[in-house]
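> If you read the sequences in order, they're chains H and W.
Heads up, the first sequence is in the working numbering, so the first residue is 3 and it goes up one at a time.
Heads up, the second sequence is in the working numbering, so the first residue is 50 and it goes up one at a time.
None of these hints come from the bench; they were simulated from the model.
Ideal Cβ placement from N, Cα and C applies to all residues, glycine included.
Check each hint, because a few of them may be wrong.
[To be verified] So these bits of chain W aren't anywhere near chain H, every CB distance computed over 10 Å: (1) Ala90; (2) Leu101; (3) Val104; (4) Tyr115; (5) Leu140; (6) Val163; (7) Glu199; (8) Arg365; (9) Trp377.
[Unchecked claim] Simulated restraints, written as ranges between beta carbons of each label pair: (10) Arg197/W - Ala213/H: 46 to 54 Å; (11) Asp217/H - Gly97/W: 27 to 35 Å; (12) Asp271/W - Val43/H: 49 to 57 Å; (13) Ala90/W - Thr340/H: 28 to 36 Å; (14) Val43/H - Ser519/W: 17 to 25 Å.
[Unchecked claim] Some chain H residues close to chain W (C-beta under 8 Å, calculated; not the full set): (15) Ile18; (16) Ser20; (17) Trp21; (18) Leu23; (19) Ala24; (20) Ala27; (21) Phe28; (22) Val31; (23) Cys35; (24) Arg206; (25) Ala210; (26) Phe214; (27) Leu215; (28) Pro216.
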Amino acid sequence: MDVHRSSKPGLALTRIGSWVLAVVAFVAVLELCARVEDRVVWGAPMVGAYSFDAIFGADSIGWRPRPGGEYRQFSINAYGFRGPEVAPEPGPGTVRVVVLGASESFGQAESSGSEYPRALETTLTRLQDDASVHYEVLNAAIPGMSLPRMHEYFDRWVRRFSPDVAVVYPSPGFYLDDTPPADSIRPRNGGFTPPDGGFRLRSRLRSALAAFLPDEIETWLKRRGIRRTRAGHDPNWPWRTVPEERLELYETHLAELLRGLQNAGVETFVVTHVSGIDRPLSPEDESLLVGWQRFHPRADRHVILQFEEEANARLRAVAERVGATVVDAAAELDPEATWFSDHQHFTDLGAGRMATVIAQSIKEASVR
Amino acid sequence: MLFNSFEFAIFLPVVVGLYWVLPHRWQNRMLLVASYVFYGAWDWRFLGLILLSTVVDYTAGRKIGYWRDSDDPAGTARARRWVALSVGTNLTILGIFKYFNFFTASLAGLLGSVGFEVGDGLLLGIVLPVGISFYTFQTISYSVDVYRGELEPTTRFADFALFVAFFPQLVAGPIERAKVLLPQILRDRQFSLQQFVDGLALIFWGLFMKVFVADNLAPIVDSQFSDPEVTGFGALIGVYAFAFQIYGDFAGYSNVARGCAKLLGIELMVNFRFPYISLNPSEFWRRWHISLSTWLRDYLYIPLGGNRAGVVSTYRNLALTMLLGGLWHGATWLFVLWGAYQGTLLILHRLTADHVSRIPILGASRRWTPAGVIKMLLMFQLVCVGWLIFRGQSVTHILGMLEAIVTLRGIADLSLARDLAFYVVPLLVIEALQLASGREEIHRTRHVPIPVRSAVFAVLTYLLVFHGASSQAFIYFQF
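Full structure from sequences and hints, please.
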């Protein structure tokens with residue numbers, strides 16, 4: 003009888019133990035599956051960090067892509083530029099083009115080699131009449147890169163590669179952040195620190211959940227997030243009209259960058275910003291716009307669109323003032339749904355179209 | 050509302066949660082409303098058809114029961130008339146909504162071939178109501194079973210309406226028998242944790258079969274069946290892929306249906322038992338779409354005389370049953386052809402069974418021997434010829450694909466085989482484990498240590514969540 007009684011807690015403990023083991027085994031096997039898949043499909047290491055964030059880090063130059071970083075379709079060369087390896091100096095007969103921009107230029111949703119800077123290289127070569135001239139495009143874009151940071155990054159690092167041409171594709175949206183863009187790319191003494199490892203499942207789960215949720219729910223969640231952010235601030239915090247001081251700042255930073263590039267002897271092309279949102283707004287455009295507003299909750303939705311237009315107008319004016327060539331992508335690219343993966347990032351098709359528009363401008367300017 | 054949709058992921062927990070806090074009578078009423086909501090989410094207008102079928106069969110059932118048990122000498126005849134009314138009403142609904150255009154178009158074609166042009170004026174612009182073939186057959190079985198004395202007519206209309214519209218199996222089966230499902234609806238149900246967990250496991254496995262296996266194979270099948278220049282290898286892979294697509298799709302649906310019913314304390318019949326391990330056509334039909342094949346056996350083949358009236362009648366009955374079984378799948382001549390092919394296989398099997406049993410390999414009767422495995426693979430090829438007819442777009446198209454396979458036309462694209470293997474091997478591995486353990490159901494795995502079970506479920510979860518295709522309608526909804 004006593005033995006029987008004492009065995010009950012033991013049995014319960016065994017059961018609890020085996021269930022705990024089951025949960026641990028479940029999670030561990032899920033994580034293992036993720037790592038095996040990364041290994042088989044992308045050749046990723048089984049251990050260590052492997053994520054989009056892990057291909058970036060900070061060294062003495064600042065926050066930038068890690069040289070040699072690899073994640074899925076993203077390959078970083080030895081100098082920290084997305085794309086194939088390049089020589090420090092352009093070879094004879096080579097026109098070196100450098101693209102400065104943020105995530106739209108770095109390439110987010112495009113398949114490998116389809117991001118517009120890569121497509122630009124191919125298109126420029128195709129449009130070129132003189133076979134002795136070779137175009138080489140360095141993708142010096144970094145996600146989240148504002149104009150002052152581009153400027154600093156160019157001065158600290160990119161100009162060493164002796165570019166002949168610079169294509170600047172600024173994102174005006176950063177000027178609608180609560181804090182205006184800072185002029186530091188956060189250099190760090192010493193080399194890169196190893197990236198953090200962590201679970202590879204997390205980002206996969208997030209994407210899977212987003213894919214499973216109907217668009218209406220996803221949009222509702224975004225709206226709720228925006229409302230909550232706004233509720234945590236003063237009622238006067240949101241911008242109901244375009245903030246003039248931010249437009250001024252954008253203009254100032256752009257002018258400084260373009261002058262800096264020209265002072266460095268680089269022929270400069272500056273591209274107006276395009277978005278995937280058409281007007282009048284369709285329900286799909288409306289939900290895209292809510293997705294955009296999530297990054298800039300301080301601005302009303304119409305303010306975001308208006309700011310984009312006015313920033314493009316300022317861009318044209320600045321370019322004229324400093325003698326840079328305007329590539330009017332906003333006028334050339336209709337917001338066709340097939341060209342954008344979200345409110346502003348390109349699909350392969352959109353990137354191809356963008357590359358063609360820029361390449362034609364460069365060709366018309368006869369850069370050789 | 051698809052089982053593999055976000056809406057259903059909300060709908061099911063709400064229904065199950067409400068269900069177990071309500072008393073029995075209210076459980077049934079709530080389930081009835083939920084079932085109508087589930088069906089109405091496709092097209093609320095077709096609820097009228099379900100209601101019509103429900104009212105007619107409920108009334109017929111009561112009348113049949115009354116006359117069946119009466120001492121009136123004309124009672125049996127009157128009961129039979131009510132059966133005829135019930136069967137006639139259901140077949141009329143089916144005939145108008147599913148077959149009217151088919152027969153009028155066929156007639157117009159026939160008349161056109163002899164010089165009488167009829168045009169499209171006879172065709173009705175109607176949409177096929179989802180699941181119509183399933184619930185009409187289910188209610189026919191009720192009237193017939195009451196007439197046969199195998200079941201007492203129910204006096205509770207709402208409970209009968211729930212039997213007709215029970216949402217887990219309303220649109221794609223299993224086609225439940227009234228004598229199995231109705232008593233479960235009528236009696237008080239007790240919550241069982243084990244049954245609940247089993248239900249969740251079945252839902253999970255059903256979704257895996259549908260979302261990972263079937264929906265991922267769909268693009269492979271579509272690309273090969275729509276390619277006018279399909280290679281022999283591509284055609285073969287396309288047919289094999291379709292064999293597993295339709296299995297994953299339909300067996301997956303049945304598993305989710307059974308799992309949902311279990312969450313509500315109700316047991317539905319097993320609809321598929323590893324059909325591709327069959328050794329002969331007869332066994333295949335004991336393993337494939339069991340609820341339809343047994344329905345056809347009990348309500349068509351046996352009433353036609355079955356195998357009781359001599360060899361020729363048996364073959365005629367078999368052929369007729371399979372032809373109608375083919376037509377049940379859809380109103381096209383290709384489904385009739387498929388039914389004819391299946392009927393021919395069954396007849397040939399009966400005709401040659403004695404001779405074949407003396408031939409090495411073909412005569413193998415034990416499955417898990419080298420000869421048995423070869424026989425199984427040969428049977429699978431015969432089944433696949435059937436699937437080629439089933440999925441083909443025309444006789445010319447089917448013959449073209451067959452020719453491509455036989456003549457090994459073109460260069461093999463091995464990546465197709467790799468993709469097919471990626472989506473089919475996990476299914477085969479799990480089914481092999483089930484067969485090896487002697488437990489034929491995914492939820493009967495309690496003999497496996499919990500951590501091992503957990504690891505296997507983790508792999509399946511990974512494939513389902515991260516490699517599941519986006520939601521597609523179930524193939525059998527169109528039938």
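> Quick check on the hint: Leu23/H CB to chain W CB, less than 8 Å?
5 Å, holds
> Confirm or reject the claim that Asp271/W and Val43/H have a C-beta distance inside 49 to 57 Å.
24 Å, violated
> Could you check if Phe28/H really has its C-beta closer than 8 Å to a C-beta on chain W?
5 Å, holds
> Could you check the hint for me, namely that Asp217/H and Gly97/W are 27 to 35 Å apart, CB to CB?
32 Å, holds
> For Tyr115/W, is the shortest CB-to-CB distance to chain H above 10 Å, so the non-interface label stands?
50 Å, holds
> Should the hint that Ala210/H touches chain W count as held when the rule is a Cβ pair under 8 Å?
For Ala210/H, the interface hint holds, since the closest Cβ of chain W sits about 5 Å away, which is under 8 Å.
> Closest CB-CB distance from Leu140/W to chain H, is it above 10 Å?
Answer for Leu140/W: holds, closest chain H Cβ roughly 39 Å.
> Assuming the hint says 28 to 36 Å, is it satisfied by the Cβ distance from Ala90/W to Thr340/H or not?
With a Cβ separation near 31 Å, Ala90/W and Thr340/H satisfy 28 to 36 Å, so the hint holds.
> When you look at the beta carbon of Val104/W, is every beta carbon of chain H farther off than 10 Å?
36 Å, holds
> Please verify that hint: Pro216/H, Cβ, nearest Cβ of chain W, below 8 Å or not.
5 Å, holds
> Let's test the interface hint: is any C-beta of chain W closer than 8 Å to that of Ile18/H?
Where the cut-off is 8 Å and the nearest Cβ of chain W is about 11 Å from Ile18/H, the hint is violated.
> May I ask you to test the interface hint for Phe214/H with respect to chain W, counting a Cβ-Cβ separation under 8 Å as satisfied?
6 Å, holds
This entry does not satisfy hints 12, 15, going by the numbered hints stated previously.
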